[in-house]
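Trainee: One letter stands for each residue in the lines below.
Number of protein chains: 2
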Amino acid sequence: MDGVILTPLKQIHSPKGDIFHAMKKSDEGFDGFGEAYFSTVNKDDIKGWKKHTRMTLNLVVPIGTIEFVIYNEITKEFFNIELSQDNYQRITVKPDLWVAFRGIGEYNMLLNLASIEHDPSEAANVEFLGIKYDWN
Amino acid sequence: MDGVILTPLKQIHSPKGDIFHAMKKSDEGFDGFGEAYFSTVNKDDIKGWKKHTRMTLNLVVPIGTIEFVIYNEITKEFFNIELSQDNYQRITVKPDLWVAFRGIGEYNMLLNLASIEHDPSEAANVEFLGIKYDWN
Chain A
766 MDGVILTPLK QIHSPKGDIF HAMKKSDEGF DGFGEAYFST VNKDDIKGWK
816 KHTRMTLNLV VPIGTIEFVI YNEITKEFFN IELSQDNYQR ITVKPDLWVA
866 FRGIGEYNML LNLASIEHDP SEAANVEFLG IKYDWN
Chain B
766 MDGVILTPLK QIHSPKGDIF HAMKKSDEGF DGFGEAYFST VNKDDIKGWK
816 KHTRMTLNLV VPIGTIEFVI YNEITKEFFN IELSQDNYQR ITVKPDLWVA
866 FRGIGEYNML LNLASIEHDP SEAANVEFLG IKYDWN
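In order, the protein sequences belong to chains A and B. My numbering puts the first sequence at residues 766 to 901. My numbering puts the second sequence at residues 766 to 901.
A few of these clues could be false.
The list treats identical chains as interchangeable, and a pair is accepted whether it falls inside one copy or across any two copies.
The calculated SDA-like cross-link candidates involving lysine to any residue, where the alpha carbons are at most 25 Å apart (straight line), are [said to hold, decoys possible]: (1) 789 with 870; (2) 808 with 882; (3) 815 with 842; (4) 815 with 881.
These are calculated hints, taken from the structure and not from any lab test. No experiment lies behind these values; they were computed from the predicted model shown.
Let the hints inform the model, and build the full structure from the sequences given.
Mentor: Written out as structure tokens, the structure is:
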């Protein structure tokens, strides 16, 4: 989907513990660093929909499994993917796309490396019913 | 300790899941964004010692509990702290300090928001015996 970039990320395993890459500033999809935060989502709960008009999101799932759905309100197109340690990729979401995500595992956590700091004036929220997507 | 900054971070709880802050570019301790990666450490295992000559580390523990020890080789001073969701702070470590960390919980994960991309030429490793610290 236009405005969405999937980037497989390296995992380096060692006996004491692992390294999971998230993002380098030279990576495709990096639009500057504004803020990093974690968001957890309970099993079967859905967070969203939310749209940013200026922020580029870079989402990584280090814990659990999260299903992401991206919606383009112009083309009416949906894109969906499940990310986890087993399908360890970064999803970059450019501005003006709607995003929602659902917890699949028992404990699910994403990291967002956002291109700008949180600013309520550039974000919009809609109720579930505003965008018709069949989650099943 | 000089060169170490502890910053309590916000946790925002909601019924569907939580938000855990990690870093904003306007925060104290932010020296630019180079790379973000996760490192896991098994219970009772120790990773380190490692020293960076140019990288500032910004370490957050979203999963499990990790004990960090920072060592200043000039003053021979040690600093230690355990971080977790229950003691949710960011530790900023400026260059030229030695860092080691030990897994305390069953599954332990840190996020490093590093000021530069990984570059082996600016990092040094020493065996455990090189720095005498009593972990117990």
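Trainee: Please list, smallest to largest, the hint numbers that this structure does not respect.
Mentor: Result: hints 1 and 2 break, sorted rising.
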